[in-house]
Each structure stands twice: as C-alpha cells, then as structure tokens.
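Peer 1: Kindly produce the complete structure, drawing on both the sequences and the hints.
Chains as they are written, first to last, in my numbering: chain A, 1 to 155; chain B, 1 to 155; chain C, 1 to 155; chain D, 1 to 155.
Keep in mind the hints are simulated off the structure, nothing from the lab. We treat Cβ as the ideally placed atom computed from N, Cα and C, and that holds for glycine. Please note that the accuracy of each hint is not assured.
Claimed, not checked - Simulated crosslink set (DSS-like; lysine-lysine; CA at most 27 Å straight-line):
| # | chain 1 | residue 1 | chain 2 | residue 2 |
| --- | --- | --- | --- | --- |
| 1 | C | K25 | D | K47 |
| 2 | C | K25 | D | K112 |
| 3 | D | K25 | D | K112 |
| 4 | B | K17 | A | K47 |
| 5 | A | K25 | B | K47 |
| 6 | A | K112 | B | K47 |
| 7 | B | K47 | B | K134 |
| 8 | C | K47 | D | K112 |
| 9 | D | K47 | D | K25 |
Claimed, not checked - A partial selection of chain B residues facing chain C, derived with a Cβ cut-off under 10 Å:
| # | residue |
| --- | --- |
| 10 | M97 |
| 11 | G100 |
| 12 | I105 |
| 13 | N111 |
| 14 | H121 |
| 15 | I131 |
Unchecked claim - Quick look at which bits of chain A chain D covers, simulated, 3 or more residues with Cβ under 8 Å:
| # | region |
| --- | --- |
| 16 | 67-75 |
| 17 | 107-114 |
| 18 | 144-154 |
There are 4 protein chains.
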Amino acid sequence: MGPGNNATAVDLENAYKLGKAIALKGWVLLTGGRNLGVMEAASKGAKEVDGLTIGILPGNSTLGLSEAIDIAIMTDLGNARNNINVLSSDVVIACGMGAGTASEIALAIKNKKKVILLNNHGSSQEFFQEIAPKNVVIANSPESAIETVEEILAN
Amino acid sequence: MGPGNNATAVDLENAYKLGKAIALKGWVLLTGGRNLGVMEAASKGAKEVDGLTIGILPGNSTLGLSEAIDIAIMTDLGNARNNINVLSSDVVIACGMGAGTASEIALAIKNKKKVILLNNHGSSQEFFQEIAPKNVVIANSPESAIETVEEILAN
Amino acid sequence: MGPGNNATAVDLENAYKLGKAIALKGWVLLTGGRNLGVMEAASKGAKEVDGLTIGILPGNSTLGLSEAIDIAIMTDLGNARNNINVLSSDVVIACGMGAGTASEIALAIKNKKKVILLNNHGSSQEFFQEIAPKNVVIANSPESAIETVEEILAN
Amino acid sequence: MGPGNNATAVDLENAYKLGKAIALKGWVLLTGGRNLGVMEAASKGAKEVDGLTIGILPGNSTLGLSEAIDIAIMTDLGNARNNINVLSSDVVIACGMGAGTASEIALAIKNKKKVILLNNHGSSQEFFQEIAPKNVVIANSPESAIETVEEILAN
Chain A
1 MGPGNNATAV DLENAYKLGK AIALKGWVLL TGGRNLGVME AASKGAKEVD GLTIGILPGN
61 STLGLSEAID IAIMTDLGNA RNNINVLSSD VVIACGMGAG TASEIALAIK NKKKVILLNN
121 HGSSQEFFQE IAPKNVVIAN SPESAIETVE EILAN
Chain B
1 MGPGNNATAV DLENAYKLGK AIALKGWVLL TGGRNLGVME AASKGAKEVD GLTIGILPGN
61 STLGLSEAID IAIMTDLGNA RNNINVLSSD VVIACGMGAG TASEIALAIK NKKKVILLNN
121 HGSSQEFFQE IAPKNVVIAN SPESAIETVE EILAN
Chain C
1 MGPGNNATAV DLENAYKLGK AIALKGWVLL TGGRNLGVME AASKGAKEVD GLTIGILPGN
61 STLGLSEAID IAIMTDLGNA RNNINVLSSD VVIACGMGAG TASEIALAIK NKKKVILLNN
121 HGSSQEFFQE IAPKNVVIAN SPESAIETVE EILAN
Chain D
1 MGPGNNATAV DLENAYKLGK AIALKGWVLL TGGRNLGVME AASKGAKEVD GLTIGILPGN
61 STLGLSEAID IAIMTDLGNA RNNINVLSSD VVIACGMGAG TASEIALAIK NKKKVILLNN
121 HGSSQEFFQE IAPKNVVIAN SPESAIETVE EILAN
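Peer 2: Now the structure itself:
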C-alpha cells in the first residue's frame, strides 16, 4: 500500500523492489491496482519476474488499471475499498505516506493485521506505533521489510 | 454465480462442468468463494484441470472459504459483495436460482453486463429477459453457456 | 424503492401517494435519495405533509440529491448501496420495476425482509413470489400497500 | 467520531458535551451508532436536548444500537462503513483516538473533509497536521471545537 499521486522517488524505488522481492518469494502481490504511484511501481516489479498481481480497484471498470495487474477486482466502493485491500492481505506493507495510505494502516490495525511501515516519515511511525505497538513494525529498507514478512508468516 | 444453500443436484453438476470448461478455455473463474453449493462445485471443476480460481467472500476472514479457491478476496461487505462479483466478471453465468443469485443477475444487468441463465426456472427466465432483453441469454446446457460466452467475448 | 430513470406515470403517482401516506402514518421514508423517478416522487409526497425523508445516495457528494430529502447519506458505493437501503428499512415497498429495483427486492429477500410489490408487472410478481412466497406480498394500490405495512409491523 | 471501546473518561465527557452542543445549534449528529464509547456519549448528549441523531452501524441489524439513536442505518460493511460516516458529515470531529478513529480521520482527509481533533494525543495531532495541514484543526475543548465548526460552515 502506498500513495498513488504523491509518492516520492524513494517510495517508487522501494515499491518496485518490494514487488520484485514479493514475487521472487512466490507470494502474490495485492495492491490498489491503479496505474500510478506505489501501486504501479510494485506491480511492475512483480511482473518483471513473472509474479502474480492482484489489483483492488476503487472504480467500476478497468479505467486507470495498471498494465502490470493480472487480476483486476472492480469494487465501485471508492476509498471504502481500502478495507478490502487490508483484509485480503496476509501482511500489509505501507510504502510511503499519505491520507489513503494512513487509512489503510489504520484499517489494518483495526482488523488486527500486521503492518510494516517503510518510509522515513517520523510522525507516522511514532503515531501508529503508539496506537498499536504490537501490530506495527518499522522497516528501513525493502529487504528488511521482506525479512519481517517472513518472520510474521513463520509465526 | 448460483445458490450456496439450495442448489439442486443438476445445478451442482452444471456448475462443476462450467468450472472445468472455463478453466480449459484458459479463463479465470470468479465465484463467491464459499465452500458450498454452486460456488464450491464450479471451483472444484476448475481446479481439477488446474484452472485459476478467485473467490470474493462476504466475510472478513477465510472462514467458510472453499479449498478450491486460489485467491481469496475478503470483503466484509455481506451481500453487498455481490456487486463486486458481477463488476469483476467479463460475463456472468447464473447457474440455478435463489435470492442471492437473483440479486447478482439484477446487479449485472444494472451494470450493463451480459448474463447467461443456466437453469430450468421458467419464471426467472421470463422476468429477466423482460427487463433486459439485450443483456440476458438463456442456455440449456453448460456447453451452450460456454459457447455463448465465446460469442460475447468475440464481440 | 423503484426506478430512477424508467418509472411510468402510474409508478410516479403511486410513489407520491406512498410517500405522503408513509409520512401521515408518522413513519420515516427511506429512498435512494436521487432527484428522479420513484425516489423523487415518494420524497416529495412525504415532504408535502412534513414527513422525515432519508436518502441513501450512491455517490460521494450531494450531486443529484432530491431537494425533498432531509437527511442525505453519501455512501460512494454505487449500486452496492442498494443493500443498505433494504437493510435499513423495516419494510420494503417496490414501486415499479427495473434492474436496480429487482436487485433491491432480491437483496431484501436475501436479508429476510418483507417486500411489497406495487406494480402491474406480472413476470416480476410471479418470479419473486416463487423464490420467496412468505416474504413477498402483492399490492394493487398505494392504500393496500400501506395496509400491508401495518399488518407486517403489527406482527 | 471516536473510540468505542477504549475511550477515556475525558473523551466521554467531551463527547457528551459535543453531542449536546451540536443539538443546541440545531445541527444533526451523525455517529457510528453503537451503544458504547464516544458514539454513545455524544448521542446521549444530543438526545438530552432533543437533538436528531443518526447512527451508521457496521452490522446488518439493530444489534448493539445505542438507544439514543433516532435513525439507524444498517450498512453490513464492517469497518468500511467508516467511509460513509465521514462522507455524510459536513464536518468531522474526532474525539479521542484509536485505530478506527484514525481510519475515519484519514478517510475524511482523503475525501477533502475538514477534521477537528479533540484529544490530548500529541502524536496524532502532529501526524495528521503534517499530512493535511489545511484540513486538520486542533481543538482543546468541546466549546472550541464547536466554534471551529461554525467558522468552517461559514466559509
């Protein structure tokens, strides 16, 4: 999960690496499915190594769908689809920060999911760790995020 | 799409054949994902020939998920998830009849999707053809339903 | 509940009378909230006699909201909001027929709600009574629909 | 908006005062509708002075509904109903903090709504002001929150 419109260059690079690493592990990548920002970068990373990519779209058609998505789920729910994103994920990695991403992190915590924050956004790290110390883990690189996913899945 | 709880033996046999035929065509099977009725039968048919199966679940966990589903989308939307089922399908095949199935047919029509009715339920055929003559096609066998899908996809 | 775009003159007259009668009974009117068709007519009927009107809108803003709605709920769910319409109603009256209305009737039945059909659309009457004989009642006038609501609420 | 389960005594007192003040202004109070925490306290405050209260429930029935709610909207959307809460509000006041409340603040910001934070939770104030400086206002009392609402509505 991560910003569509205001992703930084570092967010996009991290997302691409995450997508690639997720696919190389044999895991399925689930994103918000759109052709921009962190969603697009992660999906492209996964497809470069033939991963399987799922996109949970906010609209009712394939408009705005990333070409790197294999399976498009059209929800027509707007931002309420963010709840489906996190419910359908075994682990949530939030790459970068913004209002939509913050809603996904909060919904993931509410649904008792583990969330890994990969960003250098200090106030988000402090806030989310404060409201859910057991569910939120900080990662400082895509590699470290993937290692954390492995530890979570092993438990 | 089709009944979970009150599917007839014929519905289940048709669903199994449909799932298998869909997978053999190389198409992806999308169902409501639960481990009962038409959803389960279609998913098993698809998996027997190594098809890819997606289940759009009404709940917030994998509780009640069919073992024949590869990709589970947890919506926590209850029956509102029926709208996602039809929006995410290229063509909707309704196999059997019941209130949930009727809601999916109606939502499919509302979303301008093509719907194939595979049942021997005369009043449903009459009703849905009357409200959407251009969107609703009657099929009298799984094979004929698959042929109709091919014609729709070719247009 | 009833068609937005293809309501007949009789549907609109019935809807207006229903809205007025609902308000005169001291009941709250809940509709899809838009400024067209059966929703608009029923809401206007209720407001003429100072009833309270609730509109469950498909969009994320007040765009297209009927001026006769007191309380607008913006769902941004598209047609999935139809499930909220019926869940939030004590009794559902379907005035006229169309794909959206059919989805509401089917969802109401699925959610074990009582539905009153007020139309002269024979195939819909036959179909819905066949799939849910205990939940579906036919009314041949707004007055008779209101009487049926009273009987249902008394049980 | 505010926590159901982990509201502090101060949150509950603030919520009650907010509900009362909102009703005295002649505004409609919209909450998550449940019979606990900030939702319940605010609704009770509003009802004490005969305000109108709306509850947007996560479930499909009136189970868990606050007795202080006049109009119950049953969504059956689980936490996805949080998006409806904020979309249907002219101004969002977040009273207290928790994962569900954080999701509502984030969704409100995403939907370009104004949000007033009434809490003494420093990291949430810092975080949300950082991601949306123009949409987030800090209030240090119910009275100040109400004044801010008036300013927002006047613009």
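Peer 1: State for each hint whether it applies.
Peer 2: Okay, the hints, checked on the actual structure:
{"no.": "1", "hint": "C:K25 x D:K47", "verdict": "23 Å, holds"}
{"no.": "2", "hint": "C:K25 x D:K112", "verdict": "39 Å, violated"}
{"no.": "3", "hint": "D:K25 x D:K112", "verdict": "24 Å, holds"}
{"no.": "4", "hint": "B:K17 x A:K47", "verdict": "32 Å, violated"}
{"no.": "5", "hint": "A:K25 x B:K47", "verdict": "23 Å, holds"}
{"no.": "6", "hint": "A:K112 x B:K47", "verdict": "31 Å, violated"}
{"no.": "7", "hint": "B:K47 x B:K134", "verdict": "32 Å, violated"}
{"no.": "8", "hint": "C:K47 x D:K112", "verdict": "31 Å, violated"}
{"no.": "9", "hint": "D:K47 x D:K25", "verdict": "13 Å, holds"}
{"no.": "10", "hint": "M97", "verdict": "7 Å, holds"}
{"no.": "11", "hint": "G100", "verdict": "5 Å, holds"}
{"no.": "12", "hint": "I105", "verdict": "8 Å, holds"}
{"no.": "13", "hint": "N111", "verdict": "7 Å, holds"}
{"no.": "14", "hint": "H121", "verdict": "8 Å, holds"}
{"no.": "15", "hint": "I131", "verdict": "6 Å, holds"}
{"no.": "16", "hint": "67-75", "verdict": "violated (count 0)"}
{"no.": "17", "hint": "107-114", "verdict": "holds (count 4)"}
{"no.": "18", "hint": "144-154", "verdict": "violated (count 0)"}
In terms of the numbered hints stated before, the structure departs from hints 2, 4, 6, 7, 8, 16, 18, listed from lowest to highest.
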